[in-house]
Amino acid sequence: MKHFSDRPQAGLSRRSFLLASAAAGGGLLIGVSLDPASAKEAAKQSFVPNAFIRIETDGTIILTMPYVEMGQGTYTSVPMLIAEELEVGLDAVQLEHAPANDALYAHPIMGAQETDGSLSMRAAWQPMRQAGAAARMMLVSAAATRWGVDAADCHADNGFVVHVKSARRIGYGDLAAAAATMPVPQQVVLKDTSSYKLIGTPQKRLDAPQKVAATAQYGIDVSLPDMKIAAVTASPVLGGQVSSVDDGATRKIAGVRDVIRIPDAVAVIADHWAAAKKGLDALVVTWDDGPNAQFSTAQHMANLENAAQRDGVVAVQKGDVAGVFARAERRLEADYRLPILAHAPMEPLNCTAHIHDGRCDVWLGTQAATRAQKAAAAAAGLPLDRVEIHNQYLGGSFGRRAEADNVTQAVLIARQVDYPVKVIWSREEDTQHDFYRPAYFNRLKASLDGDGHITSWFHRVVGPSPLARWLPIAVQNGLDPDAVTSATGPYELSDIHVDYVRHEDHSFQSGFWRGVGTTHNVFIVEGFVDELAALSGKDPLEFRREHVKNNPRALAVLDKAAEESGWGTPLPEGTGRGISLLQDFGGTILVHIAEAAVDKEGAVRVSKITSVVDCGKIINPDTVKAQIQGGAIFGLSAALYGEITFTDGRVDQGNFDTYAAVRMDEAPRVTVHLIDSGDKPFGVGESGTSGIGPAVANAVYAATGKRVRQLPITPELLKS
Amino acid sequence: MAYNLNINGRSMTVEADGDTPLLWALRDILGFKGTKFGCGMGLCGCCTVHIDGVATRACQTPIESVGTSEIDTIEGLATSEPGRRIQRAWLDLEVVQCGYCQPGQMMSAAALLTETPDPTDEDIDAAMSGNLCRCGTYNRIRDAIKYAAHLDATTMEDAR
Ligand code: FES
Ligand code: FES
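Residue numbers (the working numbering), protein chains in the order written: chain A, 1 to 720; chain B, 721 to 880.
Since no wrong hints were added, every one of them can be taken at face value.
No more than 20 Å apart at the CA atoms, straight line, and that leaves these computed lysine to any residue pairs for SDA-like:
1) Lys538/A <-> Pro570/A
2) Lys445/A <-> Glu492/A
3) Lys608/A <-> Thr840/B
4) Lys608/A <-> Glu573/A
5) Lys608/A <-> Asp863/B
6) Lys445/A <-> Ser494/A
7) Lys538/A <-> Lys549/A
8) Lys204/A <-> His673/A
9) Lys204/A <-> Asp812/B
10) Lys866/B <-> Thr671/A
11) Lys866/B <-> Glu666/A
12) Lys204/A <-> Met876/B
13) Lys252/A <-> Asp739/B
14) Lys866/B <-> Arg663/A
15) Lys252/A <-> Glu735/B
16) Lys191/A <-> Gly159/A
17) Lys608/A <-> Ser849/B
18) Lys866/B <-> Arg669/A
19) Lys374/A <-> Ile473/A
20) Lys866/B <-> Asp665/A
21) Lys706/A <-> Glu601/A
22) Lys252/A <-> Asp737/B
23) Lys866/B <-> Leu813/B
24) Lys608/A <-> Glu842/B
25) Lys204/A <-> Leu813/B
26) Lys445/A <-> Ala326/A
27) Lys252/A <-> Gly738/B
28) Lys204/A <-> Tyr867/B
29) Lys165/A <-> His155/A
Think of the hints as simulated: they come from the structure by calculation, not from any bench.
Extracted from the complex, chain A is given alone in its bound form:
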């Protein structure tokens, strides 16, 4: 990463907020800011790039970028933008993980170096193409200068600059050094979308070969000289402390090296994790449970429901909801509930830390490298510049690896030993010490006119606010925008009241979960809209159409979904079709249509899902499809099984037997249809998850006549 240290002073283009210079080793270095606000900043000469393209003298093109790969395909789709404009094949672009550095890599929307909220592509779209195009123009100028010809007669082609008239060509590598001396173009000319060779075509994932060969290194695979491996048990109750440890039996186990106590956890360090875990199981630990020893989910849900009596902070207020509702003939009221969820990424949480020579090195797969860095610095008692984060592939995350509790813990443990230590959580530890998607209680009221149109809409969201902890500045006057996102769906409504009642029991940690606010509100809104459709006597798809009349994109998605799913055609006895519609993540519109049957025992079987998505400009269609397919399955696991409960402050679930996920024999075929609508991309990574719960719940209603107003859809729920 030495090219950061000689960050150039010259060549800054104030208009294009790009920066170019010679790279260490003689190539061309283009710095680009992924922050749209930098255009203004650039004018003040404080422009700092946060992504870099380096063209080396051997023609290698290296991209350093702030986003991480956790399965969503970013490591392929962002390089596609550069390769397109640079006129090279995707295989010509190599990636390097960016080191933790907020000043360089802060996400323009989240304000810190993070990959979440389905935001990466939205931020990268414009600047990454500009950077590629600027590099291309500078290479062309360098070639034209060398040949003494007009740059307008030269063009870039597959890693070469070509001068057709004289049949000359020269490779990017040979031009890189000279290109670095060219002025940054004041006017960057982007390719016309009709001449795209890569964008919009299915491209192979760049990370796939390593992952298929099983050589991709995840955090859990980190290996260092003299490293030891730890198993850990943290207080089963949030806020609890270790009160005593008897490690007599533990220390007799072959391979056990150390037993380390930190305020809220005990770690057993050994030569390998099996010995560490055996040692941990032999340990006798007593806990001081602290203030949350009585906490239960039953109490928590009751508290949320009570809090719904309070008026919330108003998010949307339009017209006279109470009056219209009071006067209406046809009215509906319903309460919807959502459970607490764990993330359960396939790779259990882990973190490797080494404190040595006044420094702290940390290895892990993280969505938020600078958060990890800050946590490590605080735990190590060192300044930030003494802490280095070595980011690795993420074995799933879904929001979990945006937190840094595992870093704090590993560093506190590492402080007490003089060797590197890799702390690996058991699956149970992972399930029981999450930053959980919080539970929500929702109260809804709506009325219909004689034509079956919605005339008033009241939606009160009650729940904790992960955002208030995560990004306090985003919560103004008590309004958590994430909690109320999508709270009216995409529907054209006249009289609306949406408010938010924040209620925290402070007895568990809440965090972001794939789909963030949208995931909970889409379940509620789409369930309730389905109820209103039934009340109006209309077909649920037609009812939705009538409420998005002025939204041609939504209509197109609905119509395509109707056609592709065979909406309205007969189904086998006992099977129903359910629909959900969402518009969020910057503008993505997605319809899921699920077919589901319920057996005599009340078990739900989802046989088929048809998904239609309009995510604006499509970069890599195959990745979009994979994200929708995977997101749907992830959402289905939550819809059918996902529920974390607490008894006496402790999580009742542990491994995949009690916190189950959909398996191969239960996974429906998810057929994804794409609509390319436009000139810029919207978020995709989370959209597939958000709408699946309601589509299945509505299918269960169609199959059985039973309304589902809470998740998960268990046999007990359907029998009650």
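Keeping the supplied structure of chain A fixed, place chain B with the ligands upon it in accordance with the hints.
The following block gives chain B with the ligands in isolation, referenced to the frame of chain A:
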């Protein structure tokens, strides 16, 4: 105590308690990091290896129980023809997302193909339902297994 294990055709010695799960002997003692840990209870399939050709959960296999059986890990998958078919199919059909479950998925799939060269959907359900994928790649895994079954091995490019 010392155990001699036969891994990917080579004899290797592991110095550990006999109840040490093969998973950790592979990962932490011998350095075969391709075999993954997901649950430690036989519930997720991330740790799947072949023992005498049979897909086996390494987290549930104490090293003292293995004896002279042949252990094959993901690192040796490409040496078998079904293994090469599976890896080729995984690449051609773009199966992976985060990729963490995939070594286990590929090991289960290769064992299935060895046993049942042209598996039905029911065969796939039976062989693959012990392998969880939180990224939800099941559709593509199913398609890739069928694709692998019909690949022409003579023209197949090596996945590596
Ligand atoms: S780690 Fe062995 S089955 Fe999950
Ligand atoms: S690809 Fe991520 S768990 Fe399967």
